[in-house]
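Using the sequences provided together with the hints, build the complete structure.
Residue numbers (this note's numbering), protein chains in the order written: chain A, -1 to 108; chain P, 16 to 884.
Please note that the accuracy of each hint is not assured.
Said to hold, decoys possible - Under the rule of at most 20 Å between Cα atoms (straight-line distance), these lysine to any residue pairs were calculated in the SDA-like manner:
1. A:Lys70 x P:Ala450
2. A:Lys24 x P:Asp243
3. A:Lys24 x P:Gly321
4. A:Lys70 x P:Gly28
Stated by the list, open to error - Where chain A lies over chain P, by a calculated footprint (3+ residues, C-beta under 8 Å):
5. 46 to 59
6. 73 to 82
In case anyone wonders, no lab produced these hints; they're calculated from the structure. Think of the CB as a built atom: it goes at the ideal place given N, C-alpha and C, for glycine as much as any other residue.
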Amino acid sequence: MKDLTKTEEIILLAIWRLKDKAYGVKIRRHISELTGKDFTYGNLYSALNQLTKKKYVIKHREESLPARRGWKRMYYTLSPFGLKALKEAYEMNEKMWKGISKYAFELSEK
Amino acid sequence: MKGFTLKSPKLGGWLIGIIARYYRMSSLAGDFLEEFEETARDRGSLRAWLWYWRHLLKSIPVFLIDFIFWRFVMFRNYLKISIRNITKHRIHSAINILGLTVGLACCLFILVWVKDELSYDRFNKNLDNLYRVILEYPKESQSAFTSYAAPAAAEWLKNNIPEIAESARFRIVANRPQILVKYGEKQYYEERFGFGDAELFDLFTFPFLVGNPKTALSNPNSIVLSEDMARKYFGQEDPIGKVLNVENQYDFIVTGIMSNIPHNSHLLFDSLVPFENIESFMPEYGKFLHRHNLHFFRTYILVHEGTSIPELKEKVSKYLSIKFDVKESMWRHHLQPVKEIHLRTSGMKDLMKRGDIRYIYIFSFTGILVLLIACINFMNLSTARSCKRAKEVGMRKVVGAHRLNLIGQFFGEAVFSSLLALVMALIIVFASLPAFNSLTGKQIELGISNHKLTFIGFLLIALVTGLLSGSYPALYLSSIKPVKVLKGAVGLEKGKGFLRKTMVVTQFVIAIGLIVCTLIIYNQYNYMQNINLGFDKEHIVYIKLNGNLKEKYQAVKNDLLQDAHIVNVAASSRILTNAIDWGGDFYWEGKEEKEERLSFSYSTVGYDFIETFKMEMVQGRSFSQDIPRKPNEEIIINEAAARFMNVESPVGLATNANNVKGTIIGVVKNYNFQSLHNEIRPLVLTFDPENFQFMHIRIHPDNIHDTIRHIEKVCRTFEPGVPFDYHFLDEAFEILYKSEEQMSRLFNCLAVFAIFIACLGLFGLSLFIAESRFREIGIRKVLGASVPSLIELVSREFVVLVILANIIAWPVAYYVMNRWLQNFAYRTSLSAGTFLLSGFLAFIVSLITVSFQSIKAATANPVDSLRYE
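Here you go:
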């Protein structure tokens, strides 16, 4: 299995965290808050499209709301496969950062 | 939230809709909306609007890059490889693309030409219900057709056949005899001066710019002009109500202006006057306006929608037998759909120059052949180079390319080349369109807007070319086994050479065939120019007889003959390119009327006609001034007529020619009074000064300039009101065979291009062979082979192929050209020399092409070829 890109990793994490509230608006805002940068729908959906194609993410349920003028609200959830990938990414991160505290950076800066 | 009415931007919504649909993620658009409205509610509509657009503009590039990336990730690789291949093997690619370009350009020109030929008369709204009435008449035991119908046919058919909605007659004052039109100071000769019934405007789509088509011709002295003609005479003035003087005799009032008739109409005229004027303009026809048994006028009918055409044709063909109360008339009228007139009138008597459906077939076929040569080049060179590409194929296969991918790749490369060639071909086409127009005598313009279909056709041709030329390399290269390739086992296999040779032979068969055809067409054209017509057409000037020139013809003639350089002067009704006044009955003593109707051609000539044209009398004498007679009292017949009559001595026989009684006074030796497509038919020469239209002046070949000045002076003294206009008879004959000349020139071009492309291919192949045998040649040279023997080694193969191609091409060309020549009553013979010459030409050109490479290879220093090991 190919390693996830950073964007993919962030999106998967967001969907997982948002649980049954994971739809477009919420995911985007969540990521924007988390990263502190404005995450656009273009970034979100082009990545989401690949993730659904690769079966990491499943379209889980949809909702019709009057305010959305016929465009449905789609909820996403992780597939077991996606969850596994996320877990691997976590382990990878953990391995990579093992034994490093943020003071180490301050030390290097000096 | 209440009272919230802000709408999201419309344009943005539409854009997002497109993206959402492409990704099949409708939630995307919903998310945008939801967040937009939330922002609007919390932070105001301005901010929401800004937010919306900022996000949209930032997202679009992401989506675009995503789209392009995934679509073209493979394509990019193919494109890169094919561009690399093109730039790496420059000569090879140049040959390929140049060949395709030339082939495509030929093909595009032919497409444009064919399209123009097929477009004739299509602008008429009633086209499907328009018919021309034509006449079948007996001619030497079989029947022939003429495009002219009986003068009274239009009226009779309309009154007696309910299916016919409208009918109209038309007559132009032929091609040559011009009509003098005057307005104030401006006066010109008009060639397209028509006489017609007002119903013509109901039948054909000739829209009026000014005036009412229904009433424009209701007055006998009204005239309708084309836009161009109105501008020529009136400039910026308002033409309506102005008076035009015609032939210094008649005045016509302009009542309508129609837009110019498109050049692709079979019916062409610049001005139209009511039909009854024929009586005064052409008295020789006017006398017979209500006859049923002659044929002078083009007659058109419009039938009701949904008419059963076979039944209608049946009724029309009964017209003459009903009228003359006979059971089965040999003369029958038929209907010809107007849409077929331009292309399917060959073999019918018709004064206008028409196209010919056979030329459409011939040229389309030739165009395809030339393109085929170019395709073969591409195939040949690609397969010849296959061993160089084989490694790439093997590599691709090893990393997992399917055979289909590879086929796609090579097709793609071929299509890429052909599209590149198309672009260059289009540049050539646009640049040389004026030259093409002058070559074919057409007025084609290629605007993108009104030729959409043509351009789609161009693109299709290019795609088909690409697919065709890519087919063999694609299938062959994709079948290569990777193991073999990577081991280095694929080289120039012996078996593959056979296919390549076959293709080379095919190319040369086509090229040689085209050269043979070109030479034969040229021969025939030359033959027609130089054949003995039965009279001397050189040094004859002809002048239209206008006003006083005709009234005082005898005095004019006497004055002209004062000049020692003027040999002789004779008047006649027609010019000898087509000297028939009409066809009609002819009876003589011993041949009873009503027994069988025979069509003789009639022509009116004046005194000294035979002498001026240096014709010979076989029996009797010609018309003589010393024995003055009443018009038509004496007639002369030609040998063909005498043979037809089958009487021992025709001179002195009493005759009845078109209901005019007379006596035969002489028999003239046969001469060609029509184009050489027609055989010499029975002809009756009558004498009637009323019918004189032209004066033929035989001048001495010396000092032509001064002689013409003298003629001009005489004409001006007699008729000062008319511009002096003269023509040479031999030039009129050149115009007569213009279509043969054009065809010969077109074929010439095609043949040159064909041989050019074929030689390009040969050049490429020999280059390749020399390259791949580079080392072999080096070794042979080291071992003592001489330069000539090495040249022979490389060239021999091709020379044999070209000779083989000759042997195949000759019989095919012989068969085709023999059939073409059957069109002519007088034709050149097919000589072996023509075939040998074209074979020799192809041989020499190909030998030069090949030896260029072989000499280079043979004279190279063997050190160069052998050192890198």
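Checked hints:
no., hint, verdict
1, A:Lys70 x P:Ala450, "violated, 63 Å"
2, A:Lys24 x P:Asp243, "violated, 73 Å"
3, A:Lys24 x P:Gly321, "violated, 69 Å"
4, A:Lys70 x P:Gly28, "holds, 15 Å"
5, 46 to 59, "holds (count 7)"
6, 73 to 82, "holds (count 7)"
This entry does not satisfy hints 1, 2 and 3, going by the numbered hints stated previously.
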